[in-house]
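Go ahead and model the full structure; you've got the sequences and the hints to work with.
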Amino acid sequence: MILARPLATAAALLLGTSALFAQEAEPAVIFDLGGKFDRSFNQASYEGAERFKAETGVGYHEFELQSDAQREQALRRFAEQGYNPVVVAGFSNESAVKTVAPDYPDTDFVVIDAVVDLPNVRSVVFREEEGSYLVGLLAAMASKTGEVGFVGGMDIPLIQKFACGYVQGVKDTNPEATVLQAMTGTTGAAWNDPVRGGELAKSQIDQGADVIYHAAGGTGIGVLQAAADAGKLGIGVDSNQDYLHPGNMLTSMLKRVDVATYTAMMDAKNGSWTPGVQVLGLAQDGVGYAVDEYNKPLLTPEMLAAAEEAKAKIISGEIKVHDFTTDGSCPAK
Amino acid sequence: MDPETLLQLAGSSLRLATPLLLACLAGLWSERAGIFDIGLEGKMLAAAFTAGAFAAVTGSAWLGLLGGIGASLLLGLLHGFASITLRGNQIISGVAINFLASGLTALVGQNWFHQGGLTPQLSGAARFEPITLPFAAALSQVPVLGPVYAGLVSDHNILLYLALAAVPLTWWALHRTRFGLRLRAVGENPAAVDTAGISVTRLRYGAALIAGLLCGIAGAYLSTAMAAGFTREMTAGKGFIALAALVFAKWRPWPALGACLLFGLLEAIGIRYQTITLLGWTVPVQLMQALPYILTVVILAGFVGRAVPPRAGGRPYVKER
Chain A
54 MILARPLATA AALLLGTSAL FAQEAEPAVI FDLGGKFDRS FNQASYEGAE RFKAETGVGY
114 HEFELQSDAQ REQALRRFAE QGYNPVVVAG FSNESAVKTV APDYPDTDFV VIDAVVDLPN
174 VRSVVFREEE GSYLVGLLAA MASKTGEVGF VGGMDIPLIQ KFACGYVQGV KDTNPEATVL
234 QAMTGTTGAA WNDPVRGGEL AKSQIDQGAD VIYHAAGGTG IGVLQAAADA GKLGIGVDSN
294 QDYLHPGNML TSMLKRVDVA TYTAMMDAKN GSWTPGVQVL GLAQDGVGYA VDEYNKPLLT
354 PEMLAAAEEA KAKIISGEIK VHDFTTDGSC PAK
Chain B
653 MDPETLLQLA GSSLRLATPL LLACLAGLWS ERAGIFDIGL EGKMLAAAFT AGAFAAVTGS
713 AWLGLLGGIG ASLLLGLLHG FASITLRGNQ IISGVAINFL ASGLTALVGQ NWFHQGGLTP
773 QLSGAARFEP ITLPFAAALS QVPVLGPVYA GLVSDHNILL YLALAAVPLT WWALHRTRFG
833 LRLRAVGENP AAVDTAGISV TRLRYGAALI AGLLCGIAGA YLSTAMAAGF TREMTAGKGF
893 IALAALVFAK WRPWPALGAC LLFGLLEAIG IRYQTITLLG WTVPVQLMQA LPYILTVVIL
953 AGFVGRAVPP RAGGRPYVKE R
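Note that the protein sequences, when read in sequence, are chains A and B.
Mind the numbering: the first sequence is residues 54 to 386 in my numbering, read in order.
Mind the numbering: the second sequence is residues 653 to 973 in my numbering, read in order.
Quick caveat, the hints were computed from the structure, so don't treat them as lab data.
Please note that a few of the clues may not be correct.
Said to hold, decoys possible - Not everything, but these chain A residues come out facing chain B in the computed CB check (under 10 Å):
no. : residue
1   : Thr198
2   : Asp246
3   : Ala281
As the list claims (entries may be wrong) - Now the in silico label distances, taken between C-beta atoms and shown as ranges:
no. : chain 1 : residue 1 : chain 2 : residue 2 : range
4   : A       : Glu362    : B       : Leu752    : 22 to 32 Å
5   : B       : Leu759    : A       : Asp170    : 37 to 47 Å
6   : A       : Ala122    : B       : Gly889    : 29 to 39 Å
7   : B       : Gly889    : A       : Arg129    : 24 to 34 Å
8   : A       : Tyr296    : B       : Arg739    : 52 to 62 Å
9   : B       : Val794    : A       : Val332    : 26 to 36 Å
10  : A       : Val332    : B       : Leu726    : 49 to 59 Å
11  : A       : Arg129    : B       : Phe751    : 43 to 53 Å
12  : B       : Ala817    : A       : His114    : 50 to 60 Å
13  : A       : Pro354    : B       : Tyr925    : 51 to 61 Å
As the structure is a computational prediction, the values presented were derived from the model and not from experiment.
The beta-carbon is built from N, C-alpha and C at its ideal position, and this holds for glycine as well.
Structure, rendered in structure tokens:
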């Protein structure tokens, strides 16, 4: 073992220089806190990787982060072992990628939800506010009380971006409506606390909310559960979560992290990988709302028509959805 | 603040206080018998996992509860074996149990269900659903009492009522029965109990088992009543807050109820009022969420007075030779 490691590293270095290696290297993916099976953000990334595996027959390696300290370690380990590309999902990985990527110029890094400006990094960000606007519109139309809720995970600008788009969508549809907003916490643990999520949702339901949208990863499972328990409607996020509580899920705001992961792996395999920033919005089908057999009965033709109309207007630029992260404030309250 | 809001806040406090209360009483039983129990958190976590897993597999919340209690009892016995039979350091044993539970739940969960340490989502009979007490609908028209009965007393799950019932039971057993008297004596002066011809070891094991039972119910409450399934580290430090409540309550059952309700209320306020504007200044969310912890420190440091733990607490009993 002691001998084998330097040898393997040397071999990897040798191989790393050849073009052949670049094609045969297996990709690696790193899941953020909250876990691979959060039925939301990380799971979307996982599904993208699984799709790549199913279609190409090429396996991939994965790592689930348990703490912040592991971010750099995991990136370094995968780069060291010659995996390519290394896909890492989650805004918290920005600084880790910034530190690690320059040390491994031959490895392609893909960071989702953050922007890192380096020659061997592709950054994928989404226009979450556009998708949130549409589910906000649907929420406002579905609500009978005129009160809707939002439960966020960690209190960070990215989640405020979801909230802001949602509020704007609600208000544009029904100016009289009230939006109750809550954040789960201020640390990474806020992504994985369904008990607290459920209690936050119950509190909003007590105050009259009958549609609740979450952007809280694993915490959101508790939010949707509480909404379903009370016979109200929940709105899922990132992955299509409609199947969790059929009849009590209005829709899900899709953020195609799976597509981002899949495309990155495919591009690297086909040799068409490019660094730079990719912004995926409604126009690129990077975000959207889910319609499937579970929520069909809840969405009336009027609602769908209104959502499609708004979607077209957002793409054409007629409706401008505010991006919270540009100025740190939200015009819609 | 209108009365309805007050009721909702009180209901939320009750729900949030229940796991704390059960864990706090567990700690009370254990520590009154002279065994410090840092492992409340671990026992709760193991119970939450086992309850969630058993309920998912069998489809019955009650079997889940039994499984949860079983797991917690095993860890209780382990703690007893290390600290009573082997006379090891009770703090170290407790810390070890916390680590053991944290690691085991994730590992077993991953290998069992392949969902990254989560258990499958529970629904229907696999969960403890809220029960509506009789006459809740009929009485709700009665002023004052009606809404309180329908909105606060009724519509909780059975484990919450069980937790509330555990308070008078604990008080009665500790202060009105021979077993309780002996148990308290073991925590104060085990040599005297031994001289009277009563087995210190057996009493302490009894206490460890009762603590295990209560932690088991607390864990099952988390995964099968409050949430619908187990998630990693779902106890989120509740075992330690329960320990703080125990000190705050000076190791007595009724004050323990008060302390846990207070912590529950603080958390409920933090959840409900994320943004409060006071005199034109918006209180930041961070402050609201840290409030329970800040107040814990303030209360423990300033308002409790001297909290004296059971005199023999933390010391293994060695017979004089």
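* Just tell me: holds or violated, for the beta carbon distance of Pro354/A and Tyr925/B against 51 to 61 Å? => 40 Å, violated
* chain B contact restraint on Ala281/A - CB to CB distance below 10 Å -> Holds: closest Cβ of chain B sits about 9 Å from Ala281/A, inside 10 Å.
* Could you check the hint for me, namely that Val332/A and Leu726/B are 49 to 59 Å apart, CB to CB? => The hinted range 49 to 59 Å holds for Val332/A and Leu726/B, with Cβ atoms some 53 Å apart.
* CB-CB spacing for His114/A and Ala817/B relative to the 50 to 60 Å hint -> About 52 Å separates the Cβ atoms of Ala817/B and His114/A, which means 50 to 60 Å holds.
* May I ask you to test the hint 43 to 53 Å on the CB atoms belonging to Arg129/A and Phe751/B? => 26 Å, violated
* Is the shortest C-beta separation between Asp246/A and chain B less than 10 Å? -> At 6 Å from the nearest chain B Cβ, Asp246/A passes the 10 Å test, so the hint holds.
* Asked: Is the interface hint for Thr198/A satisfied, with its Cβ closer than 10 Å to some Cβ of chain B?
  -> Status violated, d = 14 Å.
* 37 to 47 Å as the expected CB spacing between Asp170/A and Leu759/B, which holds or is violated -> 40 Å, holds
* Could one say that the CB atoms of Tyr296/A and Arg739/B fall in the range 52 to 62 Å? -> 54 Å, holds
* To do: Kindly confirm whether 24 to 34 Å is satisfied by the beta carbon distance between Gly889/B and Arg129/A.
  => For Gly889/B and Arg129/A the Cβ distance comes to about 31 Å; the hint holds.
* Could you see if the CB distance from Glu362/A to Leu752/B stays within 22 to 32 Å? => This hint is violated: roughly 57 Å between Cβ atoms.
* To do: Starting from the range 29 to 39 Å, see whether the pair Ala122/A and Gly889/B falls in it by beta-carbon distance.
  => Since the Cβ atoms of Ala122/A and Gly889/B sit about 19 Å apart, the hinted range of 29 to 39 Å is violated.
Violated hints for the displayed structure, listed by number in ascending order: 1, 4, 6, 9, 11, 13.
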